[in-house]
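Chemist: Here are the chains, one letter per residue:
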Amino acid sequence: ETGVTQSPTHLIKTRGQQVTLRCSSQSGHNTVSWYQQALGQGPQFIFQYYREEENGRGNFPPRFSGLQFPNYSSELNVNALELDDSALYLCASSFWQETQYFGPGTRLLVL
Amino acid sequence: DQQVKQNSPSLSVQEGRISILNCDYTNSMFDYFLWYKKYPAEGPTFLISISSIKDKNEDGRFTVFLNKSAKHLSLHIVPSQPGDSAVYFCAASARGAQKLVFGQGTRLTINP
Chain A
1 ETGVTQSPTH LIKTRGQQVT LRCSSQSGHN TVSWYQQALG QGPQFIFQYY
51 REEENGRGNF PPRFSGLQFP NYSSELNVNA LELDDSALYL CASSFWQETQ
101 YFGPGTRLLV L
Chain B
112 DQQVKQNSPS LSVQEGRISI LNCDYTNSMF DYFLWYKKYP AEGPTFLISI
162 SSIKDKNEDG RFTVFLNKSA KHLSLHIVPS QPGDSAVYFC AASARGAQKL
212 VFGQGTRLTI NP
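Residue numbers (the working numbering), protein chains in the order written: chain A, 1 to 111; chain B, 112 to 223.
Hints may be right or wrong, so weigh each one.
Quick look at which bits of chain A chain B covers, simulated, 3 or more residues with Cβ under 8 Å [unchecked claim]: (1) 51-61; (2) 100-109.
Over the 12 Å line for every Cβ pair with chain B, so calculated as not near, a few chain A residues [as the list claims (entries may be wrong)]: (3) Val4; (4) Gln18; (5) Ile46; (6) Leu90; (7) Ala92.
Simulated from the structure, these hints should not be mistaken for lab results.
Each residue gets a CB set at the ideal place from its N, CA and C atoms; glycine is no exception.
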């Protein structure tokens, strides 16, 4: 059974650029949730995707957007990057609202 | 508004002894609670969970206790092992809600 995978592992961007992060969900899972973890903090919920539709959103601006594909993989897109977007971005997959299992994360640095 | 709080940023325990990690929450709508463990450069790993209809759940060396009246949960690890050294996050969710709400984490160090 393959776990949750994310790519890339690290990324450096400059302010104002756009970034796309990718996530492959665990086998048998149909729901993907994205979280942002700032240094020294717990993960903060960005949004969740189920059946290719956004199914709940946290307190993040519209420049954070996402997609889910028919194979349940997902993308997180962030436009107009700001310095405060520097963080670890975590993807978690689950079967609907059951336990969420996390990938290793993508560390984004915005300069 | 921090709805889930882990008030101890760090905890140091001797190998073989009991580790107790604490977590408090404020939202009475939370009805499902989880503990995750995180090593550096890895994502959080699910450890154990508990539903609000229970007050205790056990899985090997890990036991989670839930005190709904106090809005408090704790994770007991016994006996503690060096491999348990990690950051531990508690998380909570409400029925029908999509998100997990996490605490700030507690760094557990097991000393030989």
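Chemist: Hint by hint, which ones does the structure fall short of?
Modeler: 3, 5, 6 and 7
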